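Engineer: The lines below spell out each chain.
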Amino acid sequence: MLRSAVRIAKPASAVLRQRAPVASRAATRHFSRSAVASSDVRPASLDVFTEEEQMLRESVRRFAEDVVGPKVREMDEKEMMDPEIIKALFEQGLMGIEISADHGGSESSFTSAIIAIEELARVDPSVSVMCDVHNTLVNTVIRTHGTQEQKDKWLPLLAQSSLGSFCLSEPASGSDAFALQTRAKKDGDHWILNGTKMWITNSYEADIFLIFANVDPSKGYKGITCFLATKDMGIKIAKKEQKLGIRASSTCSLAFDDLRIPAENIIGGEGKGYKIAIEILNEGRIGIAAQMLGLAQGAFDKAVPYTFQRSQFGKPVGTFQGMAFQQAQAAVELEAARLLTYNAARRKEEGRDFVREAAIAKYYASQVAQKVSGAAIEWAGGVGFTRETGIEKYWRDSKIGAIYEGTSNIQLQTIAKFIQKQYS
Amino acid sequence: MRPSAVRLLNILVPVKRTVDYAVKIRVNPDQKGVDLNVKHSMNPFDEIAVEEAVRLREKLKDEVKSIKVVTIGPPKAAETLRTALAIGADSGIHIEIPESAPAPEPLGVAKALRAIIEREKDGVDLVIMGKQAIDDDAGQTGQMLAGLMDWAQATFASKLVVDPKSKEAEVTREVDGGLQELKCRLPLVVTTDLRLNEPRYASLPNIMKAKKKPIQKITPADLGVDLKPILETIKVTEPPKRVGGGKVENVDQLIAKLKEAGITPVKS
Numbered sequence: 001m002l003r004s005a006v007r008i009a010k011p012a013s014a015v016l017r018q019r020a021p022v023a024s025r026a027a028t029r030h031f032s033r034s035a036v037a038s039s040d041v042r043p044a045s046l047d048v049f050t051e052e053e054q055m056l057r058e059s060v061r062r063f064a065e066d067v068v069g070p071k072v073r074e075m076d077e078k079e080m081m082d083p084e085i086i087k088a089l090f091e092q093g094l095m096g097i098e099i100s101a102d103h104g105g106s107e108s109s110f111t112s113a114i115i116a117i118e119e120l121a122r123v124d125p126s127v128s129v130m131c132d133v134h135n136t137l138v139n140t141v142i143r144t145h146g147t148q149e150q151k152d153k154w155l156p157l158l159a160q161s162s163l164g165s166f167c168l169s170e171p172a173s174g175s176d177a178f179a180l181q182t183r184a185k186k187d188g189d190h191w192i193l194n195g196t197k198m199w200i201t202n203s204y205e206a207d208i209f210l211i212f213a214n215v216d217p218s219k220g221y222k223g224i225t226c227f228l229a230t231k232d233m234g235i236k237i238a239k240k241e242q243k244l245g246i247r248a249s250s251t252c253s254l255a256f257d258d259l260r261i262p263a264e265n266i267i268g269g270e271g272k273g274y275k276i277a278i279e280i281l282n283e284g285r286i287g288i289a290a291q292m293l294g295l296a297q298g299a300f301d302k303a304v305p306y307t308f309q310r311s312q313f314g315k316p317v318g319t320f321q322g323m324a325f326q327q328a329q330a331a332v333e334l335e336a337a338r339l340l341t342y343n344a345a346r347r348k349e350e351g352r353d354f355v356r357e358a359a360i361a362k363y364y365a366s367q368v369a370q371k372v373s374g375a376a377i378e379w380a381g382g383v384g385f386t387r388e389t390g391i392e393k394y395w396r397d398s399k400i401g402a403i404y405e406g407t408s409n410i411q412l413q414t415i416a417k418f419i420q421k422q423y424s
Numbered sequence: 001m002r003p004s005a006v007r008l009l010n011i012l013v014p015v016k017r018t019v020d021y022a023v024k025i026r027v028n029p030d031q032k033g034v035d036l037n038v039k040h041s042m043n044p045f046d047e048i049a050v051e052e053a054v055r056l057r058e059k060l061k062d063e064v065k066s067i068k069v070v071t072i073g074p075p076k077a078a079e080t081l082r083t084a085l086a087i088g089a090d091s092g093i094h095i096e097i098p099e100s101a102p103a104p105e106p107l108g109v110a111k112a113l114r115a116i117i118e119r120e121k122d123g124v125d126l127v128i129m130g131k132q133a134i135d136d137d138a139g140q141t142g143q144m145l146a147g148l149m150d151w152a153q154a155t156f157a158s159k160l161v162v163d164p165k166s167k168e169a170e171v172t173r174e175v176d177g178g179l180q181e182l183k184c185r186l187p188l189v190v191t192t193d194l195r196l197n198e199p200r201y202a203s204l205p206n207i208m209k210a211k212k213k214p215i216q217k218i219t220p221a222d223l224g225v226d227l228k229p230i231l232e233t234i235k236v237t238e239p240p241k242r243v244g245g246g247k248v249e250n251v252d253q254l255i256a257k258l259k260e261a262g263i264t265p266v267k268s
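The listed protein sequences derive, respectively, from chains A and B.
The opening position of the first sequence corresponds to residue 1 in UniProt numbering, with each subsequent residue numbered one higher.
The opening position of the second sequence corresponds to residue 1 in UniProt numbering, with each subsequent residue numbered one higher.
Be a bit skeptical, because a hint or two may be false.
[What the hints assert, rightly or not] Coverage of chain A stretches by chain B, computed from C-beta distances (three or more under 8 Å per stretch; other residues unrestricted):
#1 42-56
#2 90-99
#3 107-121
[As the list claims (entries may be wrong)] Covered stretches of chain B, as calculated for chain A (at least 3 residues, CB under 8 Å):
#4 88-101
#5 196-206
#6 213-225
[Claimed, not checked] Partial list, derived from the structure: chain A residues whose beta carbon lies under 8 Å from chain B:
#7 S59
#8 R62
#9 Y364
FYI, nobody ran anything at the bench for these hints, they're computed from the structure.
In this text, all values refer to a predicted model and were calculated from it rather than measured experimentally.
Virtual Cβ for every residue (Gly too), placed ideally from N, Cα, C.
Same shape as in the complex, but just chain B (with noise of 0.2 Å):
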């Protein structure tokens, strides 16, 4: 018997269709963004959340009472649910914007998210998504929801312990020159980094079983939110093209050339 004092986890995951991390990206003539009309998938840190949602539950079992998806997007969106539900969440939420919308802003998410989080009836107690989405790489909604709802978070996780019991997680994120372990409480955000985990391939039987979990469309309106965007994008231009290096035959003729790309020795 489990004490009734218990919370159960209600867990919340966040997740964008960005462009196939395999797409080769081009920028669009007019210089005010790249060509959209291309694969789609996943934001492949948006997976890795996932996956740490689902693995949570497999050790935890019956101690994580839900896991929602969420996401912001066309009605192409909705596929992306749908893979997040046949890696194993139970349930998304679909906030629906026109094709033709512009994409939604870091602050703008995390205030939708935040009202996601406030309409939630049994409330969230944590919320786990990428650290940063691979289209535009602003890596910021996680630390905006943290701050906006007054919670904890932990960013760039590498590794996540939760104990429901206490109330508390054990989060190791990768920093410069180590690992560093933070104990938080819940509620609680934390933002995924590549080494959290490795996640799954939706098995077949779980796609099927995708299909019949439900998905609620809403929209930005329905959560009292505006998404317009508050930045301006002046100019997206390509990175220079690589040009091949040289080769030289000993140290002296490296350290000449050095000298000639004005590279000094640092005087100590």
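Chain A on its own, in the form it takes in the complex (with noise of 0.2 Å):
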């Protein structure tokens, strides 16, 4: 995504005006849809839900750890998601969050959707990701640039049966998204694709595929379209990954051999795939972050009481000072990860400019992710090591977080592009 991420930097009259007086930043943070603060609102700390959001989250996290926990093992050692799961997430109304009602979906906010993934996470952050992926990168982008018709068509498939995937990358296209080098020739109301796709999340299990593709190449990214496939249309899987962490959730190689697309799936029209991607990557971010925070906040959870439960010396190894200040860090750290995530979510939601923020969350997320899953073994000690107790599957989890939906570096960039637009 490095192209992309260049190019969202915003002149440095926006920037300057993102760093309006923090009051009124906050003002409307617990208001869902809110439009910009106003002055006469008054601001409130950056950790305040609204009802129907704590409820939510009281929810996830009873059906992640009553549901899910007693397969994660178990999946993590399969590397397959259990079918069950995926139905229990649709009965949940967790994978149509933001759909609208009229559409078979739950019609809740964005932020809503950011504190079931990080609650998912904190439990399974593989079932995490396959909810992030389908809720804020394939729904999010057919109510956002779907005609009426798609919408109607595709969206109560994606709230209430049919997994979604979104396939950008591939073998020579990474970072560099718009040098892909799928194609697309028009023939008579269809398009044909060739090309493969790589990396690509839910793939496995996925019904419908968001695919970008080059219809021309000579007018280099702008050629670049985003075009709704089926399974049945002929998608093939061409290899599954086998991977270190997020062991469960299918990544996929594609290969697309003369594949058949109706023209009226097309999504936001010719040539508008690359803005799409941008956009959809940008509020995509801060669910990875949402993913990083809750898989550290389900690392830290495990292996605390742990080390109040081991006694060494005679007493708990946790009340030793050299444990409790590593632990105190980690939840200085935890708490920055969930105020920069929350925040940017909620700038997202008022529909102010978030994508500096964003990359902020998603880049420190993925840090502490790695940092308190890491120090959560050590913690635990030879317990924590094995793969029985589950907290070592944190920090192998935890490494993806440093590489998918924008790598580190490129949130760098991004962050740099703010500072250079500024003060350059």
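Both chains are sitting in their own frames, so use the hints and assemble them into the complex.
Structural biologist: Here's what the structure looks like:
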């Protein structure tokens, strides 16, 4: 996403505007769908949540602990998502969080999606990323760029039964997303796609695929177009990757060999794919920040109680200063990651600039995730190193946070661009 | 066509906001109560009661006319009502008391519930409530309410079948030595045991819908009841710390230890 990261940088004036007084920035945070903060609204702290948001957190937490929890290890070992979990996520309304009730969705807010992603990751980051990609990438593209017919056709399926997958990356096009090589050629009222996609999350279980392909390479990135395909159109899984972490979340290569897609399945218009991808990945980063935050909290919550049960030299190991201070440090970083993540989410929900904040949140939360989950293993000692307790899994799962939906370097590049716009 | 003589069921489910079941309870330094500055949630037995009411509707469809939830508590208790509405209740009544007010006791609660039942225009046919709240573990309110109303009661229910046509309910209770089956006439107070059902997780669409369901706010004075405690708490202490056991090598040593502890065989 290198180029997109550069391109989304706002002009200096916008950056300066963004640095508005803290009070007005925080003001309307907890009112979903409110527009820009006004001075007569009382500012609230960053961890103020609406009653529905608290209920959602509570409900998803219990669902994750009771329904997902018992399957985490088995799914990790088998490198396979349990279909029952996917079904249960649909039943709980967690696969159509922002989709309107008319289309069978939950008609909730972006922040609610972020809360659900965080709480799922506390128990299993694999389940979390599946829910994240489906909601914040696939659903959002169709909600915001689909025509009324497309929304009526696809949103009910996405809200209730069909898993979605977002196909942008290719073997030779990762950070440099717009160098993608998949081509689409018009053939009557169809388009014919040829090419290969790689690192595609959810693709093994998905029914609905958003595929980015270039319809006119001579126009460069302005030829990139977003197509909606269904599995039965002939999408072939070329290879399922074997990974270090988030092993229950499928990641596959897809091969398109004269894949015929009806022309009516173009989303957002010909040549509009690059815009859609930039936009969507910017908000998608907040989802990954939430996943990493939940992951770090999950590792912390698993390891810390153990340090007060395990005694050495006659007292619980968690009471030794060397360990207590490490835990305090982790708590500080968790808090910071939480505030960054929810601030970015609220800004997005309020319709304000959030690109810089999303990049910061994603970058930082992925670092905290790796650090806290790594420390959690050490706090639990040998027990933390075994697969049985599930603590080491958080650490394996954390590594992807620095890689997908914009690598750490891409996030830094995005953040640096804002600095350069403002100061140079 | 349903015969017009059939009464439709109006169900009332009292719920209580309690300290969350997963919280480690700590006694306050003044030994008059426990630290309440912790996470709260709906009393788990009450959640089972709400779930049972919603299941009755799913089974009996339109024959369940209303599921009303009621709570007594400070402003924050409204969250508990909202949770019940998200599980599937239709409307809520919040009998609000100040944050600083002492916790109501079973008799006061039962009297408030009686007042609620008496002011319901369509009446109440069935009260489903937790057999106890996990904070005080009094386990008295349901029985007291049935007594005050002079209604039938079926406590610690593990199965509930209601027939609105005959206005009867069959209730299974888990008792020492097996299952007891009761047949009761409505109106009836049922208190729930753990095994009655497993409550669902409130789904996101239902959480969103709950926001639009009505909650009526009233005071104990509106009901003409006095919730002032009639019991005095003398002292609250933590249970004694468990001391680790020991291991013995053989049966003889075990018997010696038991005798040492003052345990003697029963003479037959």
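Engineer: Evaluate each hint against the coordinates.
Structural biologist: A quick look at each hint next to the structure:
1. 42-56: holds (count 5)
2. 90-99: With 5 residues in contact (Cβ-Cβ under 8 Å with chain B), the coverage given for the segment 90-99 of chain A holds.
3. 107-121: Contact hint for the segment 107-121 of chain A vs chain B: holds, 4 residues under 8 Å.
4. 88-101: This one is violated; 0 residues, fewer than the three required, reach chain A with a Cβ under 8 Å.
5. 196-206: holds (count 6)
6. 213-225: This one is violated; 0 residues, fewer than the three required, reach chain A with a Cβ under 8 Å.
7. S59: holds (5 Å)
8. R62: This interface hint holds because 6 Å falls under the 8 Å limit.
9. Y364: Given a least distance of 27 Å, the restraint on Y364 (chain A) is violated.
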